[in-house]
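Chain by chain, the residues run as shown.
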Amino acid sequence: MPSLSYTSRRELEEHSFSPAVTLLVPVAAIVLQVLLSKLYWRFSMLDLPLIVAIFFAVSRRSPAVGTLTGAAIGLVQDALTGRPIGVNGMAKSVIGYIAASIGVQVDVDSLTTRLVMNFAFSILNSVILFLIGRRLLGVAEIHLQLIPELLRALANTCVAIPVFLLLDTTKRAD
Amino acid sequence: MESFFSRFKNVLVLVAVLLAQTIGLAIQVRRPAEVGAPDGRKVTLLRSWVVAAVTPFERFFHGIGHNVRFGWSNYVDLRDTRQRNQELKDEIARLRLEQAQLAEDALQGHRLQTLLNFQRSYVSSTVAAQVIGTSGTDQSRVLYIDKGANDGLKIDQAVMTPDGIVGKIRAAFPHTAQVLLINDPTSGAGVLLASTRIRAILRGSQGGHVVITNLTPDSRIKPGEKVLTSGGDQIYPRGLSVGTIESIAADPEHQPYTVIQIKPSTNLFQLEEVLVITGTQGDLPLLAQKDLAKGAATAKEMAAAKAAAEEEAAEAAAQSAAQIISEKLPSVHDGEQSATDAPTDAAKAAATTPAVPKPSQTLRPDRYTSGTTPPASSLKPGAEHDATSYSAPSAPVPPTKRAAPQAGPEGDEDGSAPATNPRPSPRQNQPKPENASPDN
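In the order they appear, the protein sequences are chains A and B.
Reminder that position 92 of the first sequence reads as 92 in the working numbering, one-by-one numbering, no gaps.
Reminder that position 5 of the second sequence reads as 179 in the working numbering, one-by-one numbering, no gaps.
It is possible that some hints are incorrect.
Covered stretches of chain A, going by a simulated chain B footprint (3 or more residues, C-beta under 8 Å) [stated by the list, open to error]:
(1) 54 to 60
(2) 66 to 74
(3) 107 to 113
(4) 124 to 130
(5) 135 to 141
(6) 154 to 165
Label pairs and their in silico Cβ distance ranges [unchecked claim]:
(7) B:A267 / A:V139: 27 to 35 Å
(8) B:D465 / A:L151: 33 to 41 Å
(9) A:R172 / B:G381: 51 to 59 Å
(10) A:L146 / B:A302: 40 to 48 Å
(11) A:A20 / B:F178: 44 to 52 Å
Just so you know, these hints were derived from the structure itself, not from any lab.
Ideal placement from N, C-alpha and C gives every residue a C-beta, glycine not left out.
Work out the full structure, taking the sequences as your base and the hints as a guide.
Quick look at the structure:
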């Protein structure tokens, strides 16, 4: 019976998106991120692609799809930077996987869950980026600064709530 | 086997994705550096696709913003335009004067460099470009500009603004180029401290600052010192402004080196338009030569005008001095004047110029008083001289009892004024210094 219950809950809350939304929303997030950063450099501390990756992962509740979505968004993000391609891809793959895994078991539609989830994933994203830079790329000058990362996570959380509400309207129940 | 894949499908997908990206990262990091290409061919292709997909949106929104700003600033917000125009004209005039003052030195320096066969590159051609986007993250500080390889842009060309350097072209796509800013952690530039002439390497930091980390502590390096490009990196031409030293602190991680933080001349966080240096040459550009020649000509004109003004002032001063002297000399003055207007001119001269000074009457005559010394002809060798007659009186003596110069010692005693006392000449009336000898 537990497996039946698990399956039932998953089937009830699993959402899908139209191909246009699946394609355009990440692109829009990346373009908006670029434009906002150009408008005011402080906005570069935000990570709209990360928010979108989390949203799609928790909404689809499929870790494999979440991984691939996160990887795709991260790779596109990397392609616009001057860094090696794959840094953000790896970080967002992991986050997509974990977010989708959490989405299977936790009610991710509540506001509190979304707040905690976005804050935690933002911190995790910074930690993974730091580890990749320090361990894989061997960049010794990279440091994980606590206060800026907390502020970044806070800003991302504040932005994520209205973005999630907006993107909720694009959900298509299966 | 099938159940294994279906059961661990999610984990396997994650592992596969991570593994693929790790291998990709390793290939990118270990790839031997090719000349003029920061990325491999496949990576460049991927970047090119993504940039080609994203930049149209950036251009579109940038165009909208640009048009709105253009319309506002050129058609709506025209307040104080006349005043600003006048201010700019004044500034141009001031800059022309400055240019004239510096042109001679610049020409001389250029001649000396030529004599010494000093190799120097001057900016000969630039391409103006507008910033249309950024990387979108603060971990990689790059910009995208609206000019690319089709406009003659190539990798490693320097990018600057009139204020100073900005960065270099990292990747050139057909219609877009990626600019690596100098405050990116992977960026670097050869610089020169302006006053101490110390060479250093500039780098970007994780926080977006521009720092020098390869110098040991030096008491000569002070905050506020200007930093220029040294030209040693073969990217930035020598002498471009980089910024000023903001702070100097010890580097705790790399002792005994210091971290010298630079305040960039250009605001790297708010760039709208940049210049890409597409060409350099060994000689001064034609336009710069013309400017220098113009400045030198202006300097010569200024020098000639200044010399003429000084000459005129000297002539006027000389004329004024001659006039004053001529007015002070009565004989010359009287001889030149006609008899009719002589009284009038004399009155004018008396009113305007002071008379020849004459000593006033002596209230307390002493041995130094003019006319009290007896003439040498009246003195006899070996005769006694009444010293008391020249001593200063203890009480004021009326002018009628003053000693007569020609009367001799006796005249002092009886108090009678000699009738044959001649009027002393102007020379005799002139006051004498107190330490003068009584014999004089």
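Here is what the structure says about each hint:
1. 54 to 60: violated (count 0)
2. 66 to 74: holds (count 3)
3. 107 to 113: As far as the region 107 to 113 of chain A goes, the hint is violated, because 0 residues have Cβ atoms under 8 Å from chain B.
4. 124 to 130: violated (count 1)
5. 135 to 141: holds (count 5)
6. 154 to 165: Result for this restraint: violated, n = 0.
7. B:A267 / A:V139: 27 to 35 Å: violated, 52 Å
8. B:D465 / A:L151: 33 to 41 Å: violated, 49 Å
9. A:R172 / B:G381: 51 to 59 Å: violated, 43 Å
10. A:L146 / B:A302: 40 to 48 Å: Distance hint for L146 (chain A), A302 (chain B) holds at roughly 42 Å.
11. A:A20 / B:F178: 44 to 52 Å: violated, 36 Å
Of the numbered hints listed earlier, those contradicted by the structure are 1, 3, 4, 6, 7, 8, 9 and 11.
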